[in-house]
Every structure is written in structure tokens, then in C-alpha cells.
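There are 2 protein chains.
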Amino acid sequence: MKTSSEIKVYVALIHHPVVNKKREIITSAVTGLDLHDISRVSKTYGIKAVYIVTPLADQRTLVKRLLDHWLCGAGARYNPIRTRALELIKVVASHEDAVENIRGIENIRPETVATCAGYAGKGLSYDRFREMTEEGAPYLLTFGTAWGLSEAFIENSDYVLDPISGAAGYNHLSVRSAASIIIDRVLGPNGDNEHS
Amino acid sequence: MKTSSEIKVYVALIHHPVVNKKREIITSAVTGLDLHDISRVSKTYGIKAVYIVTPLADQRTLVKRLLDHWLCGAGARYNPIRTRALELIKVVASHEDAVENIRGIENIRPETVATCAGYAGKGLSYDRFREMTEEGAPYLLTFGTAWGLSEAFIENSDYVLDPISGAAGYNHLSVRSAASIIIDRVLGPNGDNEHS
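Chains as they are written, first to last, in numbering that gives the first Met the number 0: chain H, 0 to 195; chain V, 0 to 195.
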């Protein structure tokens, strides 16, 4: 098994193109707690960067101001542990910008892996994705806010992960919960002694 | 393996006694998003109820108003999916009140299972806790807000779950992420074909 320093998994949190509850394509607003929760879980599991993706310039400015507070301002003095997680965040205008940024770092285009709670096609299993990450190629794992990634976005991704299946016929997790569970399944402890 | 309808796992989100970053015992404020995220993951995995525990009467009133909005008010019409999750929530003044409520439902006192990111003692493994839940006894799984459950609270619990160990020497998850990952590890899909 590769150690986290050899694993090249990047995360993107997408605010466009995502859908609302009528399945219309929208641009969602950035939620501050998403940045904290997803950067903290990403830091815990050795993810290399977290891209906050929004085409809205004022939203990108808002995120940068929030990061300034925690990286350089009063927040950094109050809670340096949060600083270490939020340092992973990069703010970009599009998913393709995130892909290009990773290409610049890794000298190869990352393969893109979408997540979708309702995906009915042939998905990529968590075990298989884990094996792929251990082979050392870079991957960009994407999560949609609001009611999830648009259908076209999902279809244009190289892979789609299997949905999280709950026990109770109910599968409406927050993006914060879904990202936490998926990252743990792919990058958490594994092997014969799984999770123990 | 038992189905979720046979598993008697309850969750409590504790706002007192928890500690601040100086390890002083405090009462934390309720965070609205905790209620949404933790009830949604609980509903997904077949948990029987989610106790929001705070000794502050005004905080309990606040939670009940929030629940009214989603269970009966405009929120219920806007998003009935959230209603189904929030229906799991019960608001109580103390952990012991949650234990007594479960005793009334199950006719037996539940065993209590604490979670602690920094626990250095001999913890309960996720696999073992999964087996215990499948044997059918009731359990109350507790999560601390702020900087976590107080030491005395943890010591008075029947069990303490192993901490979530990340790959990167950093383990500072939000309570929303920790609860999501722990519930998935204990009640998610298992067996030879784990997570696939």
C-alpha cells in the first residue's frame, strides 16, 4: 500500500454546474462550513489540494477573504490547526482550471472521478478506486453542492464512483457527510483488518 | 447480518459536558448544520433516534423552533426529504435523559459508546462494535461538539470507540465528518466485498 505522500488525490467542490431540486442547472452559493469540514477531512487523509470551484468572481473573493482570516488573520492565531487544513484550499473559476492546475503540478492530466448519489450506471467501486490511487496516477475527485453535479458534468467525467448506499432506503447526505465517507472509504485504513 | 430495522443504535450529540481548546469543561452552542447533517446520515444508516443534548433551556427551545420549521412549517413543504431525517431528533437536557428515554423504548438500559479523537486507551474496534450491534442490544453512540467529550464523561461510558486514524498525522475532523465516517464504518456495507 502506498503511503499518503505517494497518493495523488485532489478534491474539487463544485458550485457550478450543479442542479437544484427541479434538476435545473444552477450556480450554488459557497457555504463556509463546507470549506472547513472538507479541508479538515482532506488534510486528515493526505489529499493534496481542495479546489473550491465557482464561476462567480464575488464568491471567489469571499472565499479568499475567509481564507485570509484563517491563514493570516485572527483565525490563524486562534486556531492554527484549522490553518493547516485550510492551506489545502485553492479557489478556481472552473473544473477545467482545477484540472489544468493539477496538470501543472503533476506533469500529467489527472483522471476525473465524479460522485453522484443517484447514479444508476456502472460505477467505479471504492475498492477499485483505492487500488487505482495506489498505482500513483493523479485523480481529481469531484463533489457537487446543492442537489449534486449536473448530468453532463457526470457524463464528461472519466469515472463515476458508486453511490453510498444506506441501509434504510434513504440516501440524502450533505456534501460534507458524503465527502467524509467517500474519502474514508477510498483512503482510510484497509486490508484484512479493515477499520479495526 | 441483521438488517437496519433490527439494529438498535441511537446517537447523541453532546453540548455539555464538552471541553474547549484549553480542556476546560464548557457548554457549547447548538449548530444548526449539525442537526441536518447528523440526522441525514443517521436516517441513511437506520439509526433509531438522534438526541440533541444540552442543559440550556433556551438552546433546547431554539432547536425545537428549528425542528418546527422543518417538520411542520415552510421547510416541510420546501424539502420533505429533510423532514424525514429531522424526525429522528429528540431534544433532551442530559445524556442520562437520553439513556432513560431509550430504556423506555427498549425495556433495557442501552450500553453507552463514547467517541474521542485523542483516545489513547484500549478502544473498541469498529468491527467489534458492528458485531455487537448485530447481536441486537441497544447502544447509545455519543459524539462531543467543541473540542470533544469531557474526560469524566468518556471514563463513565461503557465503551470508547477507537479514534479515526488518518494517513497524515492530522486528526481534527468536524463532529459532522467524524459522525459520518464512524456511522459508515459501523453500519455501512461490510463483508468480503466491503464498500464495493
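Hints were generated in silico from the structure; no laboratory data involved. Nothing here was measured: the structure is a model prediction, and the numbers come from that model. There may be inaccurate statements among the hints.
Each pair may be met inside one copy or between any two copies, as identical chains are not told apart.
[To be verified] Below, in silico cross-link-like pairs of lysine-lysine (DSS-like), each with a Cα-Cα straight-line distance of 30 Å or less:
no., residue 1, residue 2
1, K47, K63
2, K20, K121
3, K7, K121
4, K89, K20
5, K63, K7
Status of the hints after comparison with the structure:
Taking the shortest Cα distances, K47 and K63 sit within 30 Å of each other inside one copy (19 Å), while across copies they are farther apart (41 Å). In this assembly of identical chains, K20 and K121 lie within 30 Å of each other by CA distance solely inside one copy; the values are 24 Å within and 46 Å between copies. When the C-alpha separation of K7 and K121 is checked against a cutoff of 30 Å, the pair qualifies only within one copy, where the shortest distance is 24 Å, while the shortest distance between copies is 33 Å. Taking the shortest Cα distances, K89 and K20 sit within 30 Å of each other both inside one copy (28 Å) and across copies (28 Å).
Proximity of K63 to K7 under the C-alpha cut-off of 30 Å is restricted to the intra-copy arrangement: shortest distance 24 Å within a copy versus 44 Å between copies.
Consistency with the previously given hints is maintained throughout, with no hint failing.
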